[in-house]
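Turn these sequences into a full structure, and let the hints guide you.
Number of protein chains: 2
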Amino acid sequence: MIRERLFIYDTTLRDGQQTQGVQFSVSEKVQIARALDALGVDYIEGGWPGANPTDSDFFAQAPQTRATFTAFGMTKRAGRSAANDDVLAAVINAGTPAVCIVGKTHLGQVEGALGISAADNLDAIGSSIAHIRGLGREALFDAEHFFDGWKHDRAHALACLMAAREAGAAWIVLCDTNGGTLPDEIGRITAEVIAAGIPGRQLGIHCHDDTGNAVAGSLAAIAAGARQVQGTLNGLGERCGNANLTALIPTLLLKPPFAETLETGITPEALAGLTRVSRMLDDILNRVPLRSAPYVGASAFAHKAGLHASAILKDPSSYEHIPPETVGNTRLIPMSNQAGQSNLRARLAAAGIAIARDDPRLARILDTIKTREDQGYAYDGAQASFELVARAELGLLPRFFDVTRYRVTVERRRVGAEIKTLSEAVVVVQIDGHRSLSVSESLGEDGTDRGPVNALSKALGKDLGPYQSCIDDMKLVDFRVRITQGGTDAVTRVIIDSEDGQGRRWSTVGVSPNIVDASFEALLDAVNWKLLRDGATPVG
Amino acid sequence: MIRERLFIYDTTLRDGQQTQGVQFSVSEKVQIARALDALGVDYIEGGWPGANPTDSDFFAQAPQTRATFTAFGMTKRAGRSAANDDVLAAVINAGTPAVCIVGKTHLGQVEGALGISAADNLDAIGSSIAHIRGLGREALFDAEHFFDGWKHDRAHALACLMAAREAGAAWIVLCDTNGGTLPDEIGRITAEVIAAGIPGRQLGIHCHDDTGNAVAGSLAAIAAGARQVQGTLNGLGERCGNANLTALIPTLLLKPPFAETLETGITPEALAGLTRVSRMLDDILNRVPLRSAPYVGASAFAHKAGLHASAILKDPSSYEHIPPETVGNTRLIPMSNQAGQSNLRARLAAAGIAIARDDPRLARILDTIKTREDQGYAYDGAQASFELVARAELGLLPRFFDVTRYRVTVERRRVGAEIKTLSEAVVVVQIDGHRSLSVSESLGEDGTDRGPVNALSKALGKDLGPYQSCIDDMKLVDFRVRITQGGTDAVTRVIIDSEDGQGRRWSTVGVSPNIVDASFEALLDAVNWKLLRDGATPVG
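Taken in order, these protein sequences are the chains called A and B.
Number 539 marks the last residue of the first sequence (numbering that gives the first Met the number 0); no jumps.
Number 539 marks the last residue of the second sequence (numbering that gives the first Met the number 0); no jumps.
What the hints contain is simulated information worked out from the structure, not anything from laboratory work.
Take these hints with a grain of salt, some might be off.
[What the hints assert, rightly or not] Cut-off 27 Å, straight-line C-alpha distance, at most; resulting in silico cross-link-like pairs (BS3-like, lysine-lysine): (1) A:LYS150 with B:LYS457; (2) B:LYS457 with B:LYS474; (3) A:LYS419 with B:LYS369; (4) B:LYS150 with A:LYS254.
[Stated by the list, open to error] Pairwise CB distance ranges (calculated): (5) A:ARG363 with B:THR260: 55 to 65 Å; (6) A:GLY394 with B:THR367: 55 to 65 Å; (7) A:PRO537 with B:ALA118: 53 to 63 Å; (8) A:ALA391 with B:ALA348: 54 to 64 Å; (9) B:GLN63 with A:ALA391: 44 to 54 Å; (10) B:PRO397 with A:ASP85: 51 to 61 Å; (11) A:THR266 with B:THR64: 47 to 57 Å.
Just so we're clear, the structure is a prediction, and the values are computed from it rather than from any experiment.
Every residue gets a Cβ at the ideal spot worked out from N, C-alpha and C, and that includes glycine.
Following this line, the structure appears as structure tokens:
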């Protein structure tokens with residue numbers, strides 16, 4: 000059977016930049032474009048040159064890619080020719096091999112919002128596409144508001160697509176601009192468009208997630224015959240976002256009927272890097288990755304229910320629809336007071352601790368976990384602390400060092416007209432009889448105060464004597480605080496995520512009525528886990 | 000045309016609790032159950048009594064609801080009768096009007112994971128359902144792994160459903176347990192099940208979001224004839240979560256073909272409270288609400304693109320698939336904002352500040368609020384701080400006192416065998432040229448350390464000179480901390496609730512990378528608001 004080629008068009012750098020709070024720098028765009036190219040997408044839409052100074056700069060510095068670089072713009076405006084439209088000229092001047100222009104296809108909006116006739120709209124589309132083709136570029140047409148337009152006045156909507164096609168557009172992209180069309184209707188209308196004479200091999204689909212159906216809508220159009228799909232990494236985009244390529248790509252590559260009938264430019268090796276690409280984008284945006292994200296989320300293969308955990312050990316496919324490593328993700332069996340002993344054994348096994356099914360220590364560990372959860376600890380988001388608790392119970396936790404005392408000071412004072420805050424931490428560590436004092440301030444790279452936990456973290460990591468080389472590549476990457484119930488009192492729970500130079504990421508938890516001390520406890524666990532994992536030898 | 004009734008089954012309290020990091024307390028479950036009942040769902044699945052102490056306690060204290068309270072459990076185990084199965088008994092003993100039990104329908108898993116015969120599995124299902132019915136309860140059957148089971152051995156999967164139906168199950172729920180089935184297949188198999196003799200009015204659908212298609216899969220099953228849909232608020236749930244009712248409900252109520260052919264127990268008035276319910280759940284979980292969530296996210300009706308924003312003013316439907324107020328959400332246009340100004344006037348009026356419709360200061364206040372929200376402040380939950388910001392902009396904020404400086408120290412040290420922490424705060428206040436130093440420790444009534452914010456709060460309230468009588472009846476009653484985004488950096492947002500002897504309760508907010516300073520800012524706002532409300536006269 001010959002598989003048909005499906006083309007993947009990424010618009011993270013253009014439509015993704017419409018996300019509230021997102022503004023990529025040129026160097027960030029370069030980094031993302033390189034990652035997209037390595038992933039194997041076919042088109043990279045880089046931005047709207049002319050509409051945005053960053054986008055123009057980016058095209059001037061765009062990296063060499065195997066993917067087709069595409070500039071985005073809009074059809075020529077009324078009352079001038081395509082060659083004399085300066086907005087269109089700025090797009091074309093970016094020099095990309097492909098140019099995608101958006102035009103209205105909803106007659107009500109053509110006449111209302113644009114205030115031009117149907118004929119003028121068709122001319123704007125046709126002459127803009129022809130102009131791009133005349134310059135030797137590949138032309139794509141984004142049919143804005145297409146599904147609403149088709150329902151409003153099918154003849155005009157279709158005429159718009161035909162005008163683009165006759166002028167030489169390589170692709171006609173059906174856009175559900177306001178995101179309100181449901182998958183069944185997207186599939187049906189796409190089939191009707193193909194029946195009306197636009198071949199599927201020239202049809203693209205562009206969905207938004209306003210009803211939570213952007214992925215399903217894209218799949219419906221592909222099932223109906225569309226052979227280009229547009230979307231963004233992690234579903235970035237205006238309002239609720241665009242179709243999420245991070246969810247679509249694995250479905251298209253791994254699931255029937257798509258996997259059997261279509262082929263893309265993405266190899267299994269590249270797919271195994273998908274989780275990393277998704278996290279890289281969050282890292283650039285300084286966002287906490289969505290744990291529940293399909294395929295790539297940290298919880299996507301996490302099994303909390305005790306029943307599930309025991310079934311997973313017998314047959315992973317029971318609760319895992321794909322093997323997590325296919326997309327570069329990993330299985331996680333977290334602890335919680337819902338978990339049974341099988342959960343516990345699986346989690347211990349993952350930490351390299353083998354323990355027999357009927358070992359009485361299993362019940363002891365569960366009791367300890369339960370008691371600590373009643374005090375406010377939460378272990379299903381803090382695997383590393385869980386492992387330390389279990390090891391302590393099993394007598395498998397070496398004592399690397401002691402913190403004799405610490406003192407953290409937070410000060411705020413007026414300095415001239417300004418109010419300044421500064422934190423300072425002193426930590427006293429004892430290792431094999433040797434005492435060392437370390438002091439750190441809480442200044443970030445920009446010289447501003449980052450608070451007491453920052454100071455404490457730095458002081459704790461400053462002088463661990465024989466262990467120093469193990470922890471030098473460690474950094475605190477996320478910090479979550481929650482006021483919760485510990486017994487009858489409110490306490491503070493702090494969860495800290497740490498990373499090291501080997502790409503490990505681990506989470507630890509601390510609980511106390513004192514937020515600084517809760518943080519300290521989580522920091523201490525983070526350091527101890529790292530020493531354990533690196534196989535550090537306890538001194539003394 | 001007669002609309003068919005569609006039943007909405009919420010499992011936030013059961014399957015939603017499988018979310019990594021989620022562990023509801025009994026009082027949180029009560030609060031969520033009340034909100035679900037007010038929303039108008041038909042079933043509230045409250046948990047698994049017996050499997051989890053919290054769930055058992057919750058059922059003992061469950062509120063009176065119009066919705067049918069449902070306890071979850073599993074079919075009787077092999078080798079004993081339904082009446083003698085203690086796990087099933089614990090579920091039934093919760094005394095709910097309905098009981099939902101899960102059973103395997105995938106023959107491979109029946110023989111593999113359970114290690115029992117097909118006949119024994121059918122007996123477990125039938126006798127468990129019959130036992131529940133015999134006690135006069137409504138019985139529901141969750142057909143676990145149904146879609147995979149149907150593909151593996153259709154005869155056994157169907158026999159399981161028939162066994163449940165013949166034993167008197169009111170509902171048979173098709174579960175896509177590992178979340179791997181795509182919407183088209185869910186729709187097709189649901190139709191096949193109906194054709195095989197299970198009527199749609201007894202069929203439910205339970206989807207998971209592992210491919211990002213849980214909403215679409217649920218819609219496909221409903222389109223095929225299923226008349227019960229299961230899901231959770233905000234799509235909580237194991238791994239990638241369950242079908243998101245917060246997205247499904249508005250689609251079912253507002254969109255063709257569902258809105259025209261089905262009716263639910265949810266009124267338009269209740270639907271207009273959906274955004275509030277969604278935010279309440281995030282508040283309980285101390286999660287940052289997902290801005291891009293369909294329908295209820297803060298960005299769901301935010302229009303960033305300049306082109307979109309101007310089109311919106313001419314025709315909202317161009318970029319809004321539904322009117323945002325339908326679901327209790329609001330449009331956000333980051334430039335001119337008419338709706339923003341009328342909201343603002345209403346909030347000012349609530350604080351006793353009358354201001355004319357066309358007062359140019361309204362725009363200035365909105366700008367200030369917007370700028371501060373970009374820095375991480377949140378004024379929705381901090382009306383007192385909002386009032387202070389508006390008053391400052393209007394020149395209506397007296398200056399009661401200045402804090403010249405403060406210093407907070409947190410120490411931890413060994414005292415004998417014990418580890419002790421202690422916090423101390425020094426605050427220097429200046430009132431009309433008079434300087435006063437106050438110092439406090441952080442000891443609770445039981446002599447334990449309550450942390451740096453406690454010490455700071457006490458020191459700040461210790462000597463405010465002429466204002467002291469106003470603040471003596473003030474106390475800090477709640478304290479919430481969240482790590483959030485301020486510009487490009489993570490910052491700490493602290494919200495403090497205070498109360499006074501007159502029964503007033505007010506909320507203030509502070510933001511800083513330094514958690515102690517964020518708390519200080521919120522404390523300062525709390526004191527200033529109290530002085531303002533008590534009509535204190537500024538000295539000097």
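Status of each hint after checking the structure:
no. : hint                               : verdict
1   : A:LYS150 with B:LYS457             : violated (66 Å)
2   : B:LYS457 with B:LYS474             : holds (9 Å)
3   : A:LYS419 with B:LYS369             : holds (24 Å)
4   : B:LYS150 with A:LYS254             : holds (14 Å)
5   : A:ARG363 with B:THR260: 55 to 65 Å : holds (57 Å)
6   : A:GLY394 with B:THR367: 55 to 65 Å : holds (59 Å)
7   : A:PRO537 with B:ALA118: 53 to 63 Å : holds (58 Å)
8   : A:ALA391 with B:ALA348: 54 to 64 Å : holds (59 Å)
9   : B:GLN63 with A:ALA391: 44 to 54 Å  : holds (46 Å)
10  : B:PRO397 with A:ASP85: 51 to 61 Å  : holds (55 Å)
11  : A:THR266 with B:THR64: 47 to 57 Å  : holds (53 Å)
Going down the numbered hints, you'll see the structure goes against just number 1.
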